[in-house]
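Peer 1: Going line by line, the protein sequences match chains Y and R.
If you count the first sequence from 1, position 188 lands on 191 in the numbering used here, and the numbers rise without skipping.
If you count the second sequence from 1, position 67 lands on 55 in the numbering used here, and the numbers rise without skipping.
None of these hints come from the bench; they were simulated from the model.
No experiment lies behind these values; they were computed from the predicted model shown.
We treat Cβ as the ideally placed atom computed from N, Cα and C, and that holds for glycine.
Worth double-checking, as some hints may not be accurate.
Across the chosen pairs, the derived CB separations fall in these ranges [unchecked claim]:
{"id": "1", "chain 1": "Y", "residue 1": "A275", "chain 2": "R", "residue 2": "W78", "range": "38 to 44 Å"}
{"id": "2", "chain 1": "Y", "residue 1": "A275", "chain 2": "R", "residue 2": "A339", "range": "54 to 60 Å"}
{"id": "3", "chain 1": "Y", "residue 1": "N63", "chain 2": "R", "residue 2": "V82", "range": "21 to 27 Å"}
{"id": "4", "chain 1": "R", "residue 1": "R58", "chain 2": "Y", "residue 2": "A125", "range": "29 to 35 Å"}
{"id": "5", "chain 1": "Y", "residue 1": "T200", "chain 2": "R", "residue 2": "E358", "range": "58 to 64 Å"}
{"id": "6", "chain 1": "R", "residue 1": "R148", "chain 2": "Y", "residue 2": "T200", "range": "50 to 56 Å"}
{"id": "7", "chain 1": "R", "residue 1": "S382", "chain 2": "Y", "residue 2": "A125", "range": "21 to 27 Å"}
Anything over 12 Å on all C-beta distances counts as not near chain Y; from chain R, calculated [as the list claims (entries may be wrong)]:
{"id": "8", "residue": "F68"}
{"id": "9", "residue": "R148"}
{"id": "10", "residue": "G300"}
{"id": "11", "residue": "I337"}
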Amino acid sequence: MTRRRWGLAIVAAIALLAAACGGGSGGGDDADGEVLRSVLDRGELRCGVKGSHPGFSFANPDGSFSGFDVEFCRAIAAAVLGNDGEDVAFVQVPSATRFELLNTRQIDVLIRTTTVTAERDASLGLEFGPITFYTGQSFAVRADSGIRSTADMDGITICVQSATTTEQNLSDHFNELGYDYTPLGGEDQENQDAFATGRCDAWTGDQSNLISRISQLPNADEFRVVDQLISKEPLAPFVIDGDRQWKDVVSWVVYGLINAEELGVTRENAAALAADPPNAAVARLLGAPFKGGEVADHGFAVDPQFLRRALLATGNYGEIYERTVARVGVPREGTLNALVRDGGVLYAPPYR
Amino acid sequence: MTEPVAGARKVVLPPHRVRAQRPLGTRAREWTRENLFPSPAQAVVTLLALAFATAIVALAVYLVLAAEWRVITVNRWLLFAGGFPQDQEWRLWVSVALVFPLIGAAFGLWASLGRRDLLFMALAAGFLFFLARHGDAGWASTVWVAGSLALFFAGYLVCRLVPREPGRARSIATWTAGGALALALPAVLAVLMAAGGARTNEFSGFMMNLILAPVGIAGGLLLAIPLAVGRASSLRAVSWTCTAYIELIRGAPLIGWLFVALFILEDVIAGDLIVRTMVVLAVFTSAYIAEYIRGGLQALPHGQTEAAQAVGLGRTRTLQLVVLPQALRISIPPIVGQAISLWKDTALISAILPLRELVGNSKAAIAQPEFIENRIEVYVFAAVLFWIVAFVMSRVSQRMERSLGIGER
C-alpha cells in the first residue's frame, strides 16, 4: 500500500513537472496518420507486450518472442511493413507504465492482455481495438472439494493477488452473497504455490491464466477451474487516441483474421485462394480481383493487400489460438472465444 | 582448582586433562551448556542460528537433488544476452576479452590476489566453464572463457612486476591502466555496436546489467568529485548549487528518477532510453558519492592544507596533490558500498522501464510452457550471478583498503 502511494506521489510530481515544462507530448486530434507514418519511416513496429505471460507473450531461449499477443503484433507488422511480420521490435512493457509508454509514443501499439474498461477508454487518452480474447475472473479449487461455484464457498480461504481489480471483484461478489472468506494475498506465483500446497482452498484470477498455470502442474488432475465467471475481462490491443487512421489499420487486421477464419482462409491456402478466389468475400479479404473485376479498395491508409500479408505471416485467428494459448491448455471450444457459429461470441463486422 | 600440594610426588594433571577423563556424555553435555546455552538470551540466539542453518541446508538439498537446471542451460542465451543478435555473438566475447585483462591489471597494480581470492576465482571459473560447456554449445564459448581468464592473469602478472614504490615506472603504469580503464566502456560499446553491430534496443539480459551499472558508477564518480569540492567551497553560489543538486537527487527514490528517464528526459536528451537511463543512474549515484567524498574531505586535518600552502602550493595543486588523494582514499569503503547498491538496483529497471535486464528475462524464461514450474531455479541462478559480481566488488574494495592502508593510520 505504501509503495503504491509513493508511486502515485511520484507520478503526480512528474506530471506537474511535465506540465510546468510544457512538454506534454500526448496525442492531439491533428495527429491523424502520424503513427503509421513513423512506423513506415522507422521500418519497424514497436509493439508493447508483457513478455512473461504463459501462452500470451514470452521470450524463447534464443531471445525471440512467442505467444498470442505476439502473433497479433506480427500480423500488424506484416500488414503495414510486409517482410512476413519480421519487422517488429517487441518492447517488454511493465504494467505500471504501459499506458504512459503508449501515450508518449514510445510504443505504437499495446497488446499486453489489457482489459478494456470505461475508465481506460475515457480518461487515459487511449483507444482500444477489437477484443481479441474474452476471459473473466474465476476460481481454481481441488477436484475432490465438491465446490462447483461461489455458492459453495462460504467461509473458505481464497488466494488472491493483492491490490488488484481481482481482489476488488472478489470482495464485491462475496459481500453480495453475504458470505465470509479469508483472503490470502500474494503475487501470481506465490498464490499458485499457496494453492498447490493447500494453504488456501481456492485461488482466484483470470480463468485463462488459472487454466494454463494449473495445466502445467505435475498433479494437474487434482485441481479444476470452476465454470463460473464473476467478472468480465475482455482483452484488446490499445492505441493512442486521435489517430483514426492507425486505429483503423490495427482494428481491421484483427477483424480480418477473424473474418478469415469464418471464410476458411488459412496461412496455407491464402496464396492459392488469392490467385483463384472462390467467392467475392474471399477476394475482397485478400485484395484480389474477382471474376475479372477490380480489386476492392476500402480506403485504408495501407494498400488493399494488407490482410493477405497478415494472413500469410500468422494465419487466421483460429490458427493463432491453436499455436499459442491452446498449447498451454486453454481450450477454445465451448468458451466465449469460439466463433459465434460455434457458440462463442467472437464476431467480426464484414470486410466490405 | 587443583593446586599442587607441596611435597607431594603425585602427578597433577592440568584442568583440561582432568575434564578429558570424565565420561564422554558428561563432557558433551557440559560443552553444549557452556558454549551453546549459557544464558536464556544466548539459547535463543543458538536456536535461531540452528533454524537458519536448517533452512540453508534444506535449500541446498533442494538445489542439488530436486532442482531441474535444464531451464538454465536451455535459456543461457536469453538470460545473458536476450535480444542481442545471435550472429553477432563474437562481439560479446571480444568485449569480455577486452575487460578481463584490465580487471587483472587493476588487481595487480592496486591490490594483490590472496589465497582466498584464488580459491573463489577457481570456483567462479569452474562455474563459467560448466555454463559454457553444458548443453549443446560448441567449443567456441569454452575457448573464449579460457582465453579471457588467461588474459586476466596475464594482466595481473604484468602489473605485479611494476614496483610498489612511487616512481617513474609506477606512475607510467598507473596512468596507462587508469586511461585504459576509462576508455574500456566506450571501447566495449564500440565493439558491440560499431559497423553493423547491435542497436541499443537489442541490449538485453545480464549484459544489460553489466553495462548499466559500470556506466552509473563511473559516471557518478566523475560527477561526484566536483560536486563534493563544490559543496565545500567558500563561494556561496557554488556551494549552494551543489548542495541543492545533492539534496534534490538524494531526496527522491531511484524509482522516481527512472520515471524521469522514461517520460521527461525524452524531451531533453534526444537519445534512446538506454542512454537516458545511463544518465539517470550516473546522476543518482553522483549525489551519494559526493557526500561520501565530502566526508573524506572533512576528515582531513586542517594542517594538511596549511602545510601544502606553506610549501607554496596553489589552491588547485593543493587539491590535486594533497587533499583529493587522501579524501578519496578515505571514501573508498562507502563508495564501493554505493557501487554494490547500484549494481543490485539495476535489477529494478525492468519493473519500471521497458528495458530487458536479467530479472526481466528470467520472468520471460519461466513463462515458457515447459518451464513454468522452474522459477526457483531461474531466480536462484539470477541471484547467484548478482552475488558473484557484488562479491568481487567487495573483495576488490577490501584488497584496495589493505594495500592503501586505510584504517591503519
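Peer 1: Of all the hints given earlier, name the ones this structure violates by number, lowest first.
Peer 2: Numbers 2, 4, 5, 7, 8, 11, in rising order.
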